[in-house]
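Construct all of the structure, not just a fragment, from the sequences and the given hints.
2 protein chains.
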Amino acid sequence: MTDITIIGSGNMARAIGTRAVAAGREVQILDRTPENAAKLATELGGNTTSGSLGDIPDGDIVVLALYFGPAKEVATHYGDTLSDKTVIEISNPINMETFDSLVVEPGTSAAEEIAALLPGARVVKAFNTTFAGPLAAGTTGGMPLDVFIASDSEKARNEVAAFASAAGLRPLQVGGLRHARELEGFQLLIMALQANPAYENFNWGTGLKVID
Amino acid sequence: MTDITIIGSGNMARAIGTRAVAAGREVQILDRTPENAAKLATELGGNTTSGSLGDIPDGDIVVLALYFGPAKEVATHYGDTLSDKTVIEISNPINMETFDSLVVEPGTSAAEEIAALLPGARVVKAFNTTFAGPLAAGTTGGMPLDVFIASDSEKARNEVAAFASAAGLRPLQVGGLRHARELEGFQLLIMALQANPAYENFNWGTGLKVID
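So the sequence lines, in the order shown, correspond to chains A and B. With the numbering used here applied, the first sequence covers 5 to 216. With the numbering used here applied, the second sequence covers 5 to 216.
Since the hints were made in silico from the structure, they are not lab data. A virtual CB, placed ideally from N, CA and C, is assigned to each residue, including glycine. Please note: incorrect hints may appear among the correct ones.
According to the in silico footprint, chain A covers these stretches of chain B (three or more CB under 8 angstroms from chain A) [as the list claims (entries may be wrong)]:
1) 27-33
2) 77-88
3) 116-129
Facing chain A, a subset of chain B residues (Cβ under 8 angstroms, in silico) [unchecked claim]:
4) Phe206
5) Thr210
6) Gly211
7) Ile215
Encoded structure:
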């Protein structure tokens, strides 16, 4: 039985898949290019399977490990197929040319737009503040990486928190899905710092931590 | 000569004042209750002076170490007196009863509202993500605390960054003043986590870090 389906085969799919296999979860990788999914599944090892977007996502949790545009396409493609599943949406809807603004309007978020496309699913915002490098490692500065989790479904928040904990990460539940606005907004600033030559040590490898 | 005027005498005034004195800056504390300002000035030591809101802020940098409501009142009170000064605005405009929403509309921020009251000043958002405890110490988890800085004035950003560095903190410049929206929004989530009994270790003492 598949526990977690990851749609996508890029760096974030690899990082989340690495954590999922480390947590002992059964993983399915789906990608529009099934050869890429198969390659990542082999790399991840465990009992990871793979397929194309013509396949049904088997996992109880489905991760859209995609940029915002493709995530919307995939949400539209699967639609009611994802009903009653927990769907993790990770994207940062930022203007990648300027790194200075979001491409969603104030008062909404990528996660809420995806949720509108999947009314039967329990959509969760998570993993949008975790860059692939530290996420694959699970740690930053010798500490478990923080994973901020927002969803209108308490059940889904708890499910994703349990996954994060099992994967060696620290879950931080921040409330309803509308708080994806603040998670996406802040990550705009963190991404801009990576792209800013004044902070040359950052280089897309920083970890965001609430240190206690 | 006063380098930095701090308006307010609460925990954040104390913390910023502690860092300023540690950085060797001359500090003036002003408060609507001048006895409270005098008490804090004595506590801070150095050559710290004090006064009331009837006094003119002498510092090149003026810190509004106040909640959002009082900060608006003080900005209105001083008005053009603060022209050509760098004014640091630290507030978090959150609903303190629910810890679940902001009291400013989407697409604006406390800092931008304060800036509208002070058209002649160079308004900087900073120190809104730093709780008083770690800020007074200057460190979190053995690392310099991060100070996120947003302003439309590059000169003012650099001035506040220089102060933060001299005070043993790490400045992170995130761009124009409108990015106060993302700084205030994210801090809503961080404050809600402090108030959430599920995270009992946090207790208003966490430090936010971009770990590289």
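Going down the list of hints, with the structure as the test:
1. Note: the region 27-33 of chain B has 0 residues with beta-carbon separation from chain A under 8 angstroms; the three-residue rule is not met and the coverage is violated.
2. Interface restraint, the region 77-88 of chain B with chain A: violated (0 residues with C-beta to C-beta distance below 8 angstroms; minimum three).
3. Closer than 8 angstroms: that is the beta-carbon criterion, and the region 116-129 of chain B has 0 residues meeting it against chain A, so the requirement of 3 is violated.
4. For the restraint placing Phe206 of chain B at the interface with chain A, the shortest Cβ-Cβ distance is roughly 5 angstroms, inside the 8 angstroms limit, so the hint holds.
5. This hint holds: Thr210 of chain B has a C-beta 5 angstroms from the nearest C-beta of chain A, less than the 8 angstroms allowed.
6. For the restraint placing Gly211 of chain B at the interface with chain A, the shortest Cβ-Cβ distance is roughly 5 angstroms, inside the 8 angstroms limit, so the hint holds.
7. For the restraint placing Ile215 of chain B at the interface with chain A, the shortest Cβ-Cβ distance is roughly 4 angstroms, inside the 8 angstroms limit, so the hint holds.
Of the numbered hints given earlier, the model fails hints 1, 2 and 3; all others are met.
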